[in-house]
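Engineer: Whenever a hint applies, use it, and build me the whole structure from the sequences.
Heads up: the protein sequence lines correspond to chains D and P, in order. Residue numbers for the first sequence follow the UniProt record's numbering, so the first one is 1 and each next one is one higher. Residue numbers for the second sequence follow the UniProt record's numbering, so the first one is 1 and each next one is one higher.
No lab work stands behind these hints, which were simulated from the structure alone. Among the hints, a few may not be true.
In silico SDA-like cross-links for lysine to any residue, where the CA-CA straight-line distance does not exceed 25 Å [claimed, not checked]:
1. D:288 with P:70
2. D:79 with P:130
3. D:165 with D:186
4. D:288 with P:130
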Amino acid sequence: MKMKTLAAMALAGALATGPAMAELVMPDLSYRTGPYAAGGTPFSDGYQDYLNLLNARDGGIGGESIRIVECETGYNTEKGVECYESTKGEGALIYQPLSTGITYQLIPKATADGIPIHTMGYGRTSAANGEVFNWVFNYPANYWDAASVAINYLLDENGGDLNGKKIALVYHNSAYGKEPIRTLEELSSMHGFELSQLAVDHPGQEQKSQWLQIRRERPDYVLMWGWGVMNQVAVQEAANINFPMENFIGNWWAGAEHDVTPAGAAANGYKSLNMNRVQDYPVLEEIKTLVHDAGNAAGDGSNIGKVLYVRGMYAAMLAAEAIAKAQDIHGTAAVTPAMVRDGMEALEITNARMTELGMEGIGPEFSVSCQNHGGAGQGLVQQWNAADGVWEPLTDFIAPDASVIAPLIAEDSAAFAAESGITPGCL
Amino acid sequence: MSADFLYGIEVIINGLMAGVLYALVALGFVLIFKASGIFNYAQGVMALFAALTLVGVMEGQVPFSHLINAVFGTEIHHFGWEVPALLAILLTLCIMIAFAWAVQYFVFRHLVGQEPIILFMATIGLAYFLEGVGDLMWGSDIKTLALGLPQGGSMAVEEWTAGLGGDDFYGFFIDKLDMVATVVALLLVAGLVGFAQYTKQGRAMRAVADDHQAALSVGISLNFIWVLVWSLAGLVALVAGVMWGAKSGVQFSLSLIALKALPVLMLGGFTSIPGAIVGGLIIGVGEKLFEYTIGAPFLGGATENWFAYMLALIFLVFRPQGLFGERIIERV
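Structural biologist: Structure below.
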């Protein structure tokens, strides 16, 4: 009798603490503390606020409510893996690692566990080959796309000819920072520009040597692959040596408000790539009224509308659309991670759908397939207006040079498949 | 003169100025280690906390506002006033003194007589605690330090020196902020040396540094001296936080500037204020010159961090106590 009572209590306890079945569990591997919090906080605010909006406005996705499970990684790879391990048992449907280092660690784990990963504009670039990376998606664009988009923009600025031009790449001396080098080297051979590479050690607070070198060599353009404090210092150092800001272009992780505001007016004219257009979207008003004013916002509301907030919101929208697609495909609202993977692989984002969602033009139109997990690869160029304190889009979405990127992705993913014993194919 | 030679001189000048910034951080370590034998792991976080507090006070930010709002459902962020820079600096100093007292009263008073490694571990805990408190008090966003410090290269120096070389020499680049930092560091060191040499408290501080037991026997309060030393380290942290924060905005990576101070300490010695300055200058010039002559042209760049430590290690082999550190002789 006593044993039966204990067993009943244990069962009741397990049911009470176990994952609720009728919920869509969406982990948010955030970093709101530490040196990179200024970038992690707005992204997570945007990600969570959009999901909370879906809960408040639509009752979730397909009638199933969303449960956000936030775990603080501090942008630390070990903590990120701990977060994954501690949250996957809750029924996690999709992960956004929000760090290239964490992504590399999670690729084999999530593949083995059968949980899809979405690494939007970061992570392992060759994951765009869905036949090798069945569970990893990096739409709408990746690092190599970004490098190609930047060069295509400069080609456009120079009448299609970069022959003889000098382009310097200032990069974070890490796997992330080195990502564009191979692509830029290929493009350098193709277009005849001279590429010089300047590495900046973590964290990037001291860059005097690199910018003195730039002052000596006088490149026509400087591209930057930076993150964290490296961005703010680089913008300030560029201003210090009077480098023309309109010729200084950061990638999309070096183009948020906090990257330029410390330099004040001196940052005016600095450009960066962006994978998401920043403007006053109707959905932001909905978030303000239905989420923030209702007291359900992830942050204090100060980040609403900022570059990385909009990117987080965009990521959440893409995840929600993939879940909705999975519900359509499988005819059930209570989807599993494997079903969400199917939804991601069948995702199609159109202008009409983005308009319907109150985010007209936030990203390019694209569709995902088994062969292409990378999307359209497009990015736009934006410019900082210091007087008004806003990023202004300068271009529409620019396509990368697929003739350069596709072979690189094929080569790298084939090497990964060989070393991991993967036979490429669709699930 | 050839452009390469002149650019080499430019690198040396900029290395010297970078060295001053490293020395500013190292000074805080030296003050505390000299007086108490504690290697203060929290010195970098103290610089961050001091700079965060300065900006928060200047902008009239309500401390712990995020926490207050989360608990009570309020929407308060600012008091609605701004505090002039000088007054804000004084208020920040008061907070750093209160912090020094709290550290002594709540932590190190209870650890008297413990092994150095225990004291070191306590400072690690202190660092994480202070970082967390800083986050809760002032938030984790990047803040702009509006002290009106000059930024950018000195055009006067550039124009004046442009004629020294040929067409491919553009004049010396010297950052105005670095020039200010150099002057401030010199004043700070002069003030610290003057304080230590010519004031009663300063002499007491030196006595404690020389021999705790002897200092106690002549009636010097160890508690007071340690609060004093931590307060001075707080002042140095504020200056370092301001100078580094002016470059990058005040943000949590400021705590990592301590990494730049370690090779300086290894080289200059943990117990010498002049050693911190000279060590900083040697590290600054050494790493910049190595990057210019070998690192960037032949090794792919980004050599400064490891070269600084390598340089310090070489010095350690020949002078384990550092250039100016006290030689340790233990007789059997």
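Engineer: Give me the numbers of the hints this structure contradicts, sorted from smallest to largest.
Structural biologist: Those not satisfied come down to hint 4.
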